[in-house]
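*Asks:* The residues making up each chain are set out below.
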Amino acid sequence: MTWVPVRTALIPERDAVLGLKPDVYDALRTLLMLTWQTTDSRLLDLCRLLLAQMVGARAELAGADEALLAEVENWRSSPAFSERERAALSFAEQYYFDHKQITGEQKEELACHLNRRDMVNFVWALHMNDAYARVLSLLDIEPDPPSSPRRPERVRDNRPSATASGSRPPPRLEGKFAEIDPEFFQAYGALGRIVVRQTLIDEVTSEAVRLHNANHQGCLY
Amino acid sequence: MDAVVAYEQSEGLTESQRVALRLHDAFLIHPGRLDAVVQAETLEHFSPAQIVELAFKFMYWSSNRPVVTLGIDAPHDRNRLTSFHYTEKGEYVVHHAQD
Chain Y
11 MTWVPVRTAL IPERDAVLGL KPDVYDALRT LLMLTWQTTD SRLLDLCRLL LAQMVGARAE
71 LAGADEALLA EVENWRSSPA FSERERAALS FAEQYYFDHK QITGEQKEEL ACHLNRRDMV
131 NFVWALHMND AYARVLSLLD IEPDPPSSPR RPERVRDNRP SATASGSRPP PRLEGKFAEI
191 DPEFFQAYGA LGRIVVRQTL IDEVTSEAVR LHNANHQGCL Y
Chain E
19 MDAVVAYEQS EGLTESQRVA LRLHDAFLIH PGRLDAVVQA ETLEHFSPAQ IVELAFKFMY
79 WSSNRPVVTL GIDAPHDRNR LTSFHYTEKG EYVVHHAQD
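Line order of the protein sequences matches chains Y and E.
First residue of the first sequence? That's 11 in the working numbering, and the numbers climb one at a time after it.
First residue of the second sequence? That's 19 in the working numbering, and the numbers climb one at a time after it.
One chain only, chain E, in its complex shape:
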């Protein structure tokens, strides 16, 4: 998480990952004012279909906003970091402590 939050300084991320996060920042803050440099970097690192996939992923991940707004978000386990995976069908499977 630290690498992602301070992604510009993080050595653990590739340049294309940093570009994806810059584009994500634009989506979150003001998508209509996308910086020309970020736009050029995005085109350099990603194909058109990848750009659209990123935009759709930004959109889908942002769905925690209504959950937070409505006060119905909560950690799966307050005592530990919970891992999860998606099945081949895209189903969300949480790994509980006994798993």
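This is chain Y alone, in the form it adopts within the complex:
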């Protein structure tokens, strides 16, 4: 079980722990649901499982098809995957270890199968799933009880209710973010606005983490 002391008697541990920050958790789940529609859901699912294996996110692996997990774990030698899927898995694996070391060859290999817009949305979808798996792993969240219903954000091809209801999509973006799915970008912005308004962690500590992250990630912002 998680090392974070919470009461989990009535609800799955994931909801009990992450629900300590309910507004962030809700926004994150919406964003994760959107990732299924902004990129190829089969590619994302394979890469999501690979990331969960590498990061040790047992909550993400529970309930997955055992045979598929074995193939994903041995994707380099497995005949189960197409060239397109292998290119995505190779990219995802390096993304996990160090995104700054993704080679030109790995990018070109993926670009043979995805156009620029698809590549951009694949990377963002991959990233959100990587970050989520890291949170689950860091807090050592245990799998949901077997009797639990499937999580909407973990079901391929599921859509957030706002999208499913046919509400008007946001306008296309411009500039360097022009290729990102506008609905995803809107949800990502909403998540960010909620995260930065959280105040249990003081501003100096938050800023220290932000700078520490930027230094580690090689970000120029």
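Note that these hints are calculated values from the structure, not bench results.
Every residue gets a Cβ at the ideal spot worked out from N, C-alpha and C, and that includes glycine.
There may be inaccurate statements among the hints.
Every beta carbon over 12 Å from chain E, so not counted as near; a handful from chain Y, in silico [unchecked claim]: (1) Ile21; (2) Arg52; (3) Asn84; (4) Phe107; (5) His123; (6) Arg164.
Just a few of them, taken from the derived set where beta-carbon distance is under 8 Å, the chain E residues facing chain Y [unchecked claim]: (7) Val22; (8) Ala24; (9) Ala38; (10) Leu39; (11) Arg40; (12) His42; (13) Phe45; (14) Ala67; (15) Phe76; (16) Trp79; (17) Ser80; (18) Val86; (19) Thr87; (20) Leu88.
Position chain E relative to chain Y; hints supplied.
*Replies:* The following block gives chain E in isolation, referenced to the frame of chain Y:
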């Protein structure tokens, strides 16, 4: 930035800030192998809700990874350090040179 990069040696940070950065290092490098000492320190310095808030902040700040990967990151101003703030609604406002 120097204090944050060499945070273990920095006198400008409190112990709880150093613990937050140790936990962040685990998130960045291998979250599934969190050191028992860091785990205990985290529980000593932070409440459960604060720990989850930290984890969510780690997650959100890490979103510069896709930006770097896609080659679309760039400084706001190459000639100076740019400051910014968040509004009450959480909107990101950059302070440009003329501000």
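*Asks:* Of all the hints numbered above, which does this structure not satisfy? Sort the numbers upward.
*Replies:* 4, 8 and 11
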